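> Each chain, letter by letter, is given below.
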Amino acid sequence: MKLYMENLTKEYEGRKVLDIGKLQIEKGDLCGIIGPNGAGKSTLLNLIAGLIKPTSGRLMYGDEMELTAPQKKITMVFQTPYLMHTTVEKNIAYPLKLRNWSSDRIEARVEELTRELGLTNFRRQKSWKLSGGETQKVALARALSFQPELLLLDEPTANVDPSTTAEIEKMLKRINDTSGTTVILVTHNLVQAKRVCAQAIFLNQGKVVEYGESEKMLKSPEHDLTRRFVAGELLI
Amino acid sequence: MEDIATGFHNAIILLLTLDAQLYEIVGLSLAVSLSSVIISACLGVPLGALIGTHSFPFKNALLRIIYTFMSLPPVIAGLVVFLLIMRRGPLGSWGLTYTPTAMVIAQVCLVTPIITGLTYNIVRDKAPTVKALAITLGAGKMESLKLLIFELRIGILAAIVTGLGRAISEVGAVMIVGGNIKGKTRVMTTYIAQLKSMGDYSTAIAVGIVLLIMAFLINTFLYNVQQKIEN
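Protein chains in written order, with the numbering used here: chain A, 97 to 332; chain B, 434 to 664.
Check the hints yourself; a few may be wrong.
[What the hints assert, rightly or not] So the derived label-pair ranges between C-beta atoms look like this:
(1) B/Leu-650 - A/Ala-204: 42 to 48 Å
(2) A/Arg-154 - B/Asn-554: 36 to 42 Å
(3) A/Arg-220 - B/Val-508: 50 to 56 Å
[To be verified] Straight-line distance between alpha carbons at most 27 Å, and here's what the computed DSSO-like set of lysine-lysine pairs gives:
(4) A/Lys-225 - B/Lys-617
(5) B/Lys-574 - A/Lys-186
(6) A/Lys-315 - A/Lys-303
(7) B/Lys-574 - A/Lys-168
(8) A/Lys-186 - A/Lys-123
(9) A/Lys-149 - B/Lys-559
Derived by calculation from the structure, the hints in this document are not laboratory data. Keep in mind the model is a prediction, meaning the values are calculated, not measured. Glycine included, each C-beta is placed from N, C-alpha and C at the ideal position.
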């Protein structure tokens with residue numbers, strides 16, 4: 097389903113950190129959100145995930161559903177993911193148990209995801225013994241386990257090595273292509289935004305400055321602020 | 434020094450000869466302490482988790498009350514429970530005076546605030562992260578709370594062990610509501626207090642050593658459980 101927001105604002109102690117007039121992200125998009133620190137990128141993700149409530153405005157999922165609370169079809173992967181204090185496979189299986197999947201289906205899905213993300217040898221590994229990259233892959237596998245309609249990622253590759261970054265990017269593209277999962281990726285990495293995302297949104301001081309095809313936006317930005325950001329003149 | 438040496442000697446004899454009176458006292462001590470800790474954990478863990486994860490009016494006032502009750506003098510707890518359950522008290526018709534049940538109630542009053550307060554402190558630090566994770570994976574309110582307790586199980590176990598320490602070593606409250614009646618409400622701590630007042634130091638030391646051994650064994654068991662969870 098498409099994601100639509102209108103006059104969406106979020107304030108903290110009277111300070112407006114997000115102020116979006118109109119924005120629509122189509123179903124099946126792989127959309128990057130870029131912008132300097134304090135632009136409101138994570139706030140926007142948290143609003144969509146239902147972790148915080150907007151101060152005003154509307155946030156619609158599809159034509160009829162207003163996002164006022166967390167939805168079971170929407171999930172989020174955090175920059176520093178929290179893995180439960182148990183094994184890798186139990187972490188991946190957790191959302192499936194919440195959805196009352198049968199043990200056979202859970203086993204098959206865990207097997208599939210660990211294979212795809214190169215985690216087969218880590219299945220029975222305790223979560224706290226994993227490296228940063230492995231932890232991020234487990235968090236991604238766990239988020240993908242129940243085949244969400246909308247996947248939100250808050251700088252998922254900020255703390256991982258290049259090869260794990262490549263694996264995660266490949267996975268994101270694949271699930272977007274094959275399952276039609278809508279993916280919204282917050283990233284500071286402009287090359288990554290260009291490489292992975294078809295669309296990009298440039299946020300600055302809580303406002304959408306530019307929205308369009310990522311390649312075009314990052315190659316020849318229309319707005320002066322975007323141009324300065326891409327040129328590294330705006331602080332990240 | 435001689436009393437201490439005799440105490441050790443008597444402790445070994447008491448244990449090896451399977452002294453019936455001692456084992457009865459040990460049994461009742463265990464039953465009262467463990468029952469009160471189990472009840473307190475059932476009340477204190479969810480309560481601490483709820484307070485730690487929710488904002489509500491007068492939360493700070495409630496926390497101050499809980500912290501105060503964490504250091505509640507046992508004699509006050511015992512006195513209040515006694516006034517409630519004594520024959521002329523509001524719960525006098527229940528006939529609980531000088532019974533093990535009264536001792537459990539008094540200890541629950543002492544241990545529940547400890548487990549609640551310690552659980553609250555553990556939950557407060559980790560709750561936002563775990564709650565955000567649970568929500569984004571599709572968990573409801575109850576499931577989020579269950580996940581939180583599961584994730585904090587090592588810290589919660591430590592809170593329960595602290596509560597058990599309070600229960601097993603406590604003398605004032607059980608003395609007031611139990612009365613230290615031989616064969617009925619006599620537990621190790623009240624027995625030690627009585628032996629001391631009678632001047633029987635060596636037996637008092639012997640019972641004290643048995644109490645220490647018992648506390649050591651229980652804590653060893655709980656420590657092993659904790660290690661097993663961690664590994």
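> Of the numbered hints stated earlier in the document, which are not met by this structure?
4 and 8
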